[in-house]
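Trainee: Quick note, the sequences are listed as chains U and P, same order.
In short: position in the first sequence from 1, add 1, done, that's the working numbering.
In short: position in the second sequence from 1, add 647, done, that's the working numbering.
Simulated from the structure, these hints should not be mistaken for lab results.
There could be a bad hint or two in this list.
To be verified - Not the full set, but computed from the structure, chain P residues with beta-carbon under 8 angstroms of chain U:
hint, residue
1, L792
2, P911
3, L914
4, G953
C-beta: ideal position from N, C-alpha, C; glycine also.
In case you want the letters, here they are:
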Amino acid sequence: MSQARFAISDPRHSSIRMWVGALLIALVFSSALLAPLIAPSKTLLWPVPVNLEAINLPPFSQGHVLGTDLLGRDILAEALWGARMSLVIGIVAAVTAVTFGGVWGALSAFLGGPIDTLMMRCVDGLLAIPNIVLLLTINTILSAGSFCSFPDWSLRFLKVTSFSSGYLPLFTVIVVISATTWLEAARISRSKIQSILLEEYIYSAKALGIGVLRMLFRHLLPNAAPVLLVEATLLVSDAILMEAGLSFLGLGLGPSTPSWGSMLTSAQSSLIEGNWWAVMVPGVLITTTVVGVNLVGEGILEGQGGKRQAA
Amino acid sequence: MLELLLRRCLQAVPLLAILSIVTFAAVLSLPGDPVDVLVGNAQKDMDPQEIQVLRQEFGLDKSPVEQYLLWLSNGVFKGNLGRSYKDGRPVVTIIQERLPSTIRLVATALILAFAVGMFWGLAMVALKQSQLGKWVEAVLFVTALILYSAPGFWIGFIALTMAGRISAFGDVPLLAVHAAGSPPLNPMVAFSALSYVLLPAFVLSLRRMAKIALFVRTATLNELAEEYVTTALGKGLSRVRVLTRHVLRNSLAPIINLAGLSLPSLLGGSVLIETVFAWPGMGRLAVESTFGRDYPMILALVMMYGALVIFSNMAADVLELMTDPRRRDAYLSEIEGARA
Numbered sequence: 002m003s004q005a006r007f008a009i010s011d012p013r014h015s016s017i018r019m020w021v022g023a024l025l026i027a028l029v030f031s032s033a034l035l036a037p038l039i040a041p042s043k044t045l046l047w048p049v050p051v052n053l054e055a056i057n058l059p060p061f062s063q064g065h066v067l068g069t070d071l072l073g074r075d076i077l078a079e080a081l082w083g084a085r086m087s088l089v090i091g092i093v094a095a096v097t098a099v100t101f102g103g104v105w106g107a108l109s110a111f112l113g114g115p116i117d118t119l120m121m122r123c124v125d126g127l128l129a130i131p132n133i134v135l136l137l138t139i140n141t142i143l144s145a146g147s148f149c150s151f152p153d154w155s156l157r158f159l160k161v162t163s164f165s166s167g168y169l170p171l172f173t174v175i176v177v178i179s180a181t182t183w184l185e186a187a188r189i190s191r192s193k194i195q196s197i198l199l200e201e202y203i204y205s206a207k208a209l210g211i212g213v214l215r216m217l218f219r220h221l222l223p224n225a226a227p228v229l230l231v232e233a234t235l236l237v238s239d240a241i242l243m244e245a246g247l248s249f250l251g252l253g254l255g256p257s258t259p260s261w262g263s264m265l266t267s268a269q270s271s272l273i274e275g276n277w278w279a280v281m282v283p284g285v286l287i288t289t290t291v292v293g294v295n296l297v298g299e300g301i302l303e304g305q306g307g308k309r310q311a312a
Numbered sequence: 648m649l650e651l652l653l654r655r656c657l658q659a660v661p662l663l664a665i666l667s668i669v670t671f672a673a674v675l676s677l678p679g680d681p682v683d684v685l686v687g688n689a690q691k692d693m694d695p696q697e698i699q700v701l702r703q704e705f706g707l708d709k710s711p712v713e714q715y716l717l718w719l720s721n722g723v724f725k726g727n728l729g730r731s732y733k734d735g736r737p738v739v740t741i742i743q744e745r746l747p748s749t750i751r752l753v754a755t756a757l758i759l760a761f762a763v764g765m766f767w768g769l770a771m772v773a774l775k776q777s778q779l780g781k782w783v784e785a786v787l788f789v790t791a792l793i794l795y796s797a798p799g800f801w802i803g804f805i806a807l808t809m810a811g812r813i814s815a816f817g818d819v820p821l822l823a824v825h826a827a828g829s830p831p832l833n834p835m836v837a838f839s840a841l842s843y844v845l846l847p848a849f850v851l852s853l854r855r856m857a858k859i860a861l862f863v864r865t866a867t868l869n870e871l872a873e874e875y876v877t878t879a880l881g882k883g884l885s886r887v888r889v890l891t892r893h894v895l896r897n898s899l900a901p902i903i904n905l906a907g908l909s910l911p912s913l914l915g916g917s918v919l920i921e922t923v924f925a926w927p928g929m930g931r932l933a934v935e936s937t938f939g940r941d942y943p944m945i946l947a948l949v950m951m952y953g954a955l956v957i958f959s960n961m962a963a964d965v966l967e968l969m970t971d972p973r974r975r976d977a978y979l980s981e982i983e984g985a986r987a
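The shape of chain U in the complex, shown without the other chains (with noise of 0.2 angstroms):
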């Protein structure tokens, strides 16, 4: 037989695939580097002034573009600088989490035995809660402790002030979804480090008396880094995702700060007045992120030879 009656999935239609990926992504950042020029502010808690006398504008009217939103606030300005809150979230907050759910799958692999079952176990236990329920009850706890417990320096340097809660809540917001996606991170690490411990050379630095410290972070991390990092992109655009239904609860940024989710909030009450604009726009950047970070991952993943976990 020497053509295929089935078209099979192709090599060159993943490496397509993963272009379009990068550029949307190339795309999205762009816009929120050019935020400053092209749509400067004057501070930074509150980039986009709100104008009560022109709300819910449509399209290309007084200067404009992509018309106002239900206080008047240009949407494209608003949509620039929340391309940057979005972003950070969604890095910060992947890049914490694989950070600690690389080390914590690592040590669990490492250490073996009863210590490795609790380990996972817990990690299993918190997986059988639905992420937003687990989001749900992280913010709870971080909510009511967080800010009896936090020592004045800390307090000082995140720039919190009585009257304002200043950089807070972008740091609780990272936490919370951080807190949440570090357990698939944490099950990736444990099965590809178990997996580096049969090889060789751990053996012979065994056999040296190597410490364990310098075992992680010199061997086993940095062999499992590949895997890692495909997990830490696919978690960007997990943490997007969160950020904004985290908003949408109003649980997320305050709605002084511009970022997608919080757009998409505000965004809500105006869509009965027909304003479709200042819905349409969050909603299809997000998507676009995510569909460009999606397209990445994966195809960096098949490169790989590997597959994510189905669920």
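Got chain U sorted already, so can you dock chain P onto it with the hints?
Mentor: Using the frame of chain U, we list chain P on its own:
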């Protein structure tokens, strides 16, 4: 088969135990106890002795371990997981009221996602075979990719606004407020309740639907590369027959497993969708309790969700073992090996 089921059930017990310990520890670590929340600002006007009595009533004078065991034994043996801080009613009663709504929503979404997703995936594979169909397949693929990546609640409130504007839907009360906990008894009511659930369930299912479609597409395309497909085609069987009888059967087991694993994400998504559609289910209860700092409620909800997910994962595993003889044989011989 029975032994298999029992084994899987036993595996779920330690998971639930760890889940309960972790969540209980988290709630205990919070500042303030039930008495502080109940009494609130009135605390300074009250007799300290009265507060002491209240503390004893809640069992707060005991050590954390004793408190946990008390909570556990009350919960497991008496079905009493404490009272809600918000209205003082037993937590279990409130969850019982909300659970049916959530199950109705999630079950409809699961069926929709599975049925449409399967069809979608197979249609993509079938269309990919012809020159013209390739373009249709590309459109379907991109649509699935977009639906998989879009935030569900965003699609939710767009769908809600659009449905509200289309007059054909005018008769259907989209934001039907049916009282929580009153199950529709007569069949007509039950039928009309179905029309309430369709839109939210459809929106909820979209993400999973896309995921299942993409998964079925990849799984089936990989299966098509196998040699038995060539043999079947060589025998002169039609492509449709090969696809439905041979290929689908072989790729069915992982797909069923995926459907079982869909429950956590559907339950998670239902929290947001219930908020968008004002659906009186567990998800909205979770959001309300988060805002109200209703700790016993949150604790009970986390346990409830955890139990639902653990048992659905178990069901998925068992279903996969039942549908795939290869997996079953491997599993059974593993048990035999462990015994020997």
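Trainee: Does P/L914 hold up as a contact with chain U if the rule is Cβ-Cβ below 8 angstroms?
Mentor: holds (4 angstroms)
Trainee: Once the shortest beta carbon distance from P/P911 to chain U is found, is it less than 8 angstroms?
Mentor: Given a least distance of 5 angstroms, the restraint on P/P911 holds.
Trainee: Quick check on P/L792 please, does its C-beta sit within 8 angstroms of some C-beta on chain U?
Mentor: holds (6 angstroms)
Trainee: Against chain U, is P/G953 within 8 angstroms by beta-carbon distance?
Mentor: Where the cut-off is 8 angstroms and the nearest Cβ of chain U is about 4 angstroms from P/G953, the hint holds.
No hint from the list above goes unmet by this structure.
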